[in-house]
Amino acid sequence: MTMEFRKEFFADERDDNLNEIGKPTRRQDILGHVTGRSPYFDDHLFDGLLHIRCVRSPHHHARIRRIDIAEAQNMPGVVRVLVGRDVPRNLNTLLSLLDFGIDDEPLLAETKVAYKGEPVAAVIAETEAQARAAVARVRVDWDVRPHVLDVEEAIKPGAPVVCEVYPANKFIYHGKYDHQKLRYGDVEAAFARADQIVEGRYQMSPIEQAPIETCGAIAAPETNDRYVCYTSTQALFFSLGTAAKLLTMPSNRLHFIGGTVGGGFGGKVDSLHEPLAILGAMLTGRPCKFAWDREEEMQVGAPRGAERWYIKDGVMRDGRIVARKFTGYFDSGAYTRLSSYAIIKGVGHLPGPYTIPNVYADVYCVYTNRTPATAMRGFGITGVDFAIEAHMDKVADTVGMNPIDLRILNAYRDGDMKAHRREAKNTALIECCQVVAEKAGIGLQASSRAASSLRDGGGERARLPAHTAVDQKGTVTGIDTGGYARKGGAAGRPAQPIQMPGFTMPAAASSARPPAPSPARPAAAASSQSTVPPPPPADPANTGDRPRQGAMRFSSISGLRRR
Amino acid sequence: MIQSVETHATLAEAQRAMGSDAIFMAGGTLVMRDVNAGVAATRIVRSSDPVLADIRLSGDGVTIGAGVTMATIAAHRDLAFLAPVARSVGGPQIRNMGTVGGNLFAPHPYGDFAVALLALGARVNVAGQIGAPRPLADVLRERGRVGIVASVHVPRPQAPGDFGFLKVSRIKPKGVSVLSVAAHLPRQGGRIRGARVAFGAMGPMPLQATAVERVLDGQALDAPTIARAAQVAVEGLDPPTDALATAWYRREVAGVHLKRLLERMVRG
Amino acid sequence: MARTPIVFMLNGSERASFADPGQNLLEFLRRGVGDLSPKYGCGQGTCGACTVTIDGETQLSCLTLAESVAGKHVQTAAGLAAGATLHPLQEAFMENFAAQCGYCTPGMLISAKALLDRNPTPTREDVVEAISGNICRCTGYEPIIEAILAAAKGRARA
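Protein chains in written order, with the working numbering: chain A, 1 to 563; chain B, 1001 to 1268; chain C, 2001 to 2158.
Worth flagging that the hints you see were computed from the coordinates, not collected in a lab. C-beta: ideal position from N, C-alpha, C; glycine also. Be aware that one or more of the hints could be misleading.
Here chain B is said to cover these stretches of chain C; the calculated rule only asks that three of the stretch's residues, wherever they fall, bring their Cβ under 8 Å from a Cβ of chain B [claimed, not checked]:
(1) 2035–2046
(2) 2055–2063
Partial selection, computed: residues in chain A whose CB lies under 7 Å from chain C [said to hold, decoys possible]:
(3) G22
(4) P24
(5) I30
(6) H33
(7) V34
(8) T35
(9) G36
(10) S38
(11) D43
(12) P211
(13) I212
(14) E213
(15) G262
(16) D293
(17) R294
Partial pick of chain C residues on the chain B-facing surface, computed with a CB cut under 8 Å [stated by the list, open to error]:
(18) G2022
(19) S2111
(20) E2129
(21) A2130
(22) G2133
Construct all of the structure, not just a fragment, from the sequences and the given hints.
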């Protein structure tokens, strides 16, 4: 592979006597790859291995009246059939391990299913073929409910409630808003002063990561009352924490082995195979394998979620963008998984690599009856970048500029203030644009050719806006999100679950088996900017000092990372 | 779940061993998918009858044993007119396994080889059947209850340029059909006589485009004729919607690809 | 369920094991015989991760009935190296960064070897065609194509 180094750029920021950068380096694991000896999770042989396969919902949305496993249990080779009540703690959300979000997803659904392919039972049998045959004999009495597959339909009044934990089909941010906000300057005032308004709507379908190795895990009893688990996970400690939580078992009883992954691309970050494989090993005393086939990988493997974006720009005749407003909808599918966090990342990235003095965003994490979404390369960024760059072309077209000139004109430069209130450093968009134009044979304006990321940034462009318009739009009350919404750990959390008319949230750590949440809607969310005052700060007298469960700080979320 | 695998020395014995609980397997590329997914019948019946591997040339055509693989056809000296079709099926491994007989039973969107055979007017010999071989179109219509295919008789195009085949897929060089189209246009004195055109992935099975054939018959293969043929390309077809394309899209592009194929045949 | 005893040649040495009715060659090789180099990717014949050669022809072990290899020669990626000496294709894959996650690599190597065995001087198009039945999600194929061409060149020089 040929790489080209443009040493004329940023020459004083780099040593030229580098030993590794710029030279291909042999992977440390490649000898195993070319000899076929790299140990993927399934490359471990166990005598007496049992195979697990799931009974899955054929419906997008249905209540479960009854699950009849009697016939399946008597099929040849079947050792055991698991249902939700066999899971010690059958409710989870991955980011609860980072103290971010409420448990909302069962390992095996008990009362309802919210997406096609959601598992409701698991057959453990001597062979995979026997497990498949028995899966076909589990009888589920379904009460099929109306479903919703579109983000904007899902948040309309009267839409089917996808996930009872979030009855308005919207994730609750920071314990108080039904969307993630970004407010920087005053977009409405800037729109009024702009020469042109350019609006656009952009959307992206879910994308399956499609690793060649499907997701799976093998678990087996070890000595000393431990279980070994070989897994395809991309995130070994996420998987370990999730298994320990769902199985109510200290993690030092779980011996996780991973690290050799047959492609992940984000799709193996919120892996849920290990708990079922380990549960099988616990209940049968034998090694158990739970792995998806290709059809499951494509149907229920969590994809990059769908996104829809509305962008409105205020633009001056010379091409300067003076205001940019986003309304975004992430399709989380039936459960939260990683979508709420993807939005935090995405909003931190707005308005893209451009210096725009007024930026506004409302971004909603919406529940629909689609396959739950998760991470994929460029997680949280890719969809909105597609929208932003498509919109930049539209702006260029509107003002009659070459799209590369427009980008260079608006590009951020070293020292500029970004909308998330951090100074831009090590910027290089201008230089990238210049090289792209050169390669593509596109002539640039003299000012674009002369521009540099190192010059003309900072100063006025480093100032925070004199005035930022704020609002309480989308305020939700009566939600206890657990500890994540309050910085500083235990402070600010009531000792008892908050009781709201028609809406009860269990405290995340207080009950091993939370009650089924009521399907009613939360207290009416305020929808205008001025009519509802901000909620009062939490009364310190009412706060308990119970320690938070699993409260580690994840710096990318809180934005406290040192640069 | 598979309970037994039986291999019979002759097709006649295999035919007798069949039943509602059995599936006949040749190359395995279709049957083993179902076996792996746990949706196949309970008995697999196979046959080692040498007739399955036979390729016999006759005056007007060639009789190809149902067990002949795509790779064998692609490499066969006397089957050059079918080589591009065989090469369009699957990747190298699938072509080493997949057979002529099996391709007749391939569900949508597979079965590109059968599309070419349909356009060529192939006839099918069914094991144990007395009398003349059956037209392929009939066999395709009844493929759930046709019996074991022993061989296919394929008329050979009189001139190499009389036959053309085009497969449209999203991934190159190997991909599943958005659609495929084959045309056999014998010419007498510059006029098409007995046109046969067939589409794949434009219905539940390979289908003949009879409206196109009517437009082409008796005409010279020139631009106005090609344009008229393209206009009626989807008449009588029933394209499905699947992960590769919607029915609407297939209808929109069928005429375009038919036109491209016919123009390529003009250029020779 | 009656199991079938199967005797066959695996990478040059005789092996025997029992197959379940309807068991595919991939599962038979992996769990029955213990050769873990062919990989499961789809069970449908679309990914090529399970590619092996049977009597010199590349086939998909997930779509091959285990008992059909009785008496035949099967080659897998585990048999490419001669002891500690790697096959030129394995060297070329290492030199050219032709593997990232490595999961498709055993199947790729077998498809590449089958190509070079029958065509020692392939063109780039020949290589692309030869690996068209093997999906790689990491590399974008270019390093793999380069590796196979490099191996062919090295062999031509030798």
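Taking the hints in turn, this is what the structure says about them:
| no. | hint | verdict |
| --- | --- | --- |
| 1 | 2035–2046 | holds (count 3) |
| 2 | 2055–2063 | holds (count 6) |
| 3 | G22 | 14 Å, violated |
| 4 | P24 | 6 Å, holds |
| 5 | I30 | 5 Å, holds |
| 6 | H33 | 3 Å, holds |
| 7 | V34 | 4 Å, holds |
| 8 | T35 | 6 Å, holds |
| 9 | G36 | 3 Å, holds |
| 10 | S38 | 5 Å, holds |
| 11 | D43 | 4 Å, holds |
| 12 | P211 | 6 Å, holds |
| 13 | I212 | 4 Å, holds |
| 14 | E213 | 5 Å, holds |
| 15 | G262 | 3 Å, holds |
| 16 | D293 | 6 Å, holds |
| 17 | R294 | 4 Å, holds |
| 18 | G2022 | 3 Å, holds |
| 19 | S2111 | 7 Å, holds |
| 20 | E2129 | 6 Å, holds |
| 21 | A2130 | 6 Å, holds |
| 22 | G2133 | 2 Å, holds |
Violated hint for the displayed structure: number 3, the only one.
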